[in-house]
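Chains as they are written, first to last, in this note's numbering: chain A, 3 to 336; chain B, 3 to 336.
Calculated directly from the structure, the hints in this document are not laboratory data.
Identical copies go unnamed one by one, so any copy, or any two together, can satisfy a pair.
In silico BS3-like cross-links for lysine-lysine, where the CA-CA straight-line distance does not exceed 27 Å:
hint, residue 1, residue 2
1, Lys118, Lys188
2, Lys121, Lys96
3, Lys188, Lys236
4, Lys268, Lys304
5, Lys188, Lys78
6, Lys250, Lys274
7, Lys95, Lys78
8, Lys95, Lys118
9, Lys4, Lys168
10, Lys124, Lys78
Just so we're clear, the structure is a prediction, and the values are computed from it rather than from any experiment.
There are 2 protein chains.
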Amino acid sequence: MKIIVDAFGGDNAPAEVLKGCQLAVSELDGVEIILTGDKDVIEKSAKEHQVSLDHMEICHASQVMDIHIEPTALLKDFSDSSMAVGCRLLAEKKGDAFVSAGSTGALVVGATFLVKRIKGIKRVTIGSVIPCKGGCYLLTDAGANADCRPEMLLQFAVMGSIYMQKFFGLPSPRVGLVNIGAEETKGTQLQLDAYRLLKDAPVHFTGNIEPRDIPLGGCDVAVADGFTGNVILKLTEGMGSFISKEVKSLFTGGPVSMLSALGVRKQLMSFKKQMDYKEYGGAPLLGAAGLVIKAHGSSDAKAFKNAIRQAVQCSKQNVVSEMTKAIANLRAQS
Amino acid sequence: MKIIVDAFGGDNAPAEVLKGCQLAVSELDGVEIILTGDKDVIEKSAKEHQVSLDHMEICHASQVMDIHIEPTALLKDFSDSSMAVGCRLLAEKKGDAFVSAGSTGALVVGATFLVKRIKGIKRVTIGSVIPCKGGCYLLTDAGANADCRPEMLLQFAVMGSIYMQKFFGLPSPRVGLVNIGAEETKGTQLQLDAYRLLKDAPVHFTGNIEPRDIPLGGCDVAVADGFTGNVILKLTEGMGSFISKEVKSLFTGGPVSMLSALGVRKQLMSFKKQMDYKEYGGAPLLGAAGLVIKAHGSSDAKAFKNAIRQAVQCSKQNVVSEMTKAIANLRAQS
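With the rest of the complex left out, here is chain A (with noise of 0.2 Å):
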């Protein structure tokens, strides 16, 4: 299996993308990576942080696509980027999967236009995997698009439940649609409609999910446009993050609460890591016509290897075959 890695995204690369892929290919049987990004950058990086380019392969890539660059630059003026490149690669079937942590805006434009949508689907959408209580749950869409109409939500609850079917092995995965009551006639036109539309559709749809349960495990799959799915995701961000810092200050305020927080270091290590974004691996880009995983901005070698994994096992599953047909059929009924 062949993953495609773009070598220049996210705030640590070059160094911990190649230590990641090293990771993989040591740990996952049967991978090969092909990088895209400079060839010279890669080889003296890898060279410095002495790094084996074993099992994989470097194509070329002369630019690299800055998170602060509009977007849909990548289409003209970054058609060389290391983003750019691993997208085509993918649409011509060089590889599996592709793996960015690079801009996420401009990775959706790649995954829509370069790779290219499922046949039917509208928007392509990002799905986050977002630890909540007893393991965790896939928010899409988490950003991609602000303005959804109705049957978009329907698109992303297939997929999403497909993606949590095939990547987390939940049978029957529970469908939510994040809105601000539990009854039928709540929210804005926009969740009276798509509700309807869930109601019908070959997922297990539980109803409305008000924000509340979201974190205590109320549904597995939280269906929203992705203005309401970004605030979702970043005030799930903020608030882990207040209050992380708010526990931590409860240990430090002296000798017996330090004592005390040795008492509870075990614990207080397992909550951290179950509420770490990274053991979760990256965002899949739910509807492009090839899998792209787009990993955590700030990942580390070892997140990185967990997205590559991500990718091999999504891969094995054959999760966008799925999709695709769940779409066909969707289109065939309507």
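Mind docking chain B on chain A? Use the hints.
Same frame as chain A, now just chain B:
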């Protein structure tokens, strides 16, 4: 000063309401209460719980507006409910403010159609005061109006800013527009248009606020449509509940962790207090021509006392007349 109190609002009515009123009368100087609700039941409950009704009068109302009843029923089928009677007493200036822990939706209806709106106000909005790093912030609209127009967000910002000035004594509250990016070009059409209005508004507008920065104390007033605001309110509650349960479980794993909990007991209690909504009083309904405070549905006596204190303080600070002036100025300018 006379505060009208709905004796039949909330999960713990009327007993906790009455106890809260007694606390308010004994602790706050010169405060008198008008209780609305069934006279017999109130007197019986007061006797049963040994609550003195000194400095309180009862204004009889034969009905109770249950939270499951369609809010607009307040105007017709439940026009003799304790809530409707309270709203009318306020409109008739029989009291300085009205406090209720009943149905939020019904109270918005009552504030809008019985108390009536400040001249020029398009919609009454709920302002929720939410704990964050270093204190609290006002979220408005917290759920009264799922669909909003940009001019409504402008009015929410102006009123929210006055509330934080007058009630919390902030000289220049930082007003942020809830959005999914810091740049002026982010969000849906609503945020784009609201941004333009807020730039020229008579508030200390600090630009877009990303939800990640809200719990970290990034603004004093977070302005949003009621759908987004309600998502923020409920997700904040859910995250708080989720993480506090997880933290609690850290300390119950065995004798060592239980001893550790003792070591940080004081800090834990202080953190819990900081995160307790009840400490910040009820939610003001902004835009009504009289002062209406929505107390939490689960309010106990202390929470009712705090909501009454809040009503007294807002009344002394002329919050409603300040808002009336500001909205008139806004109209004159546009």
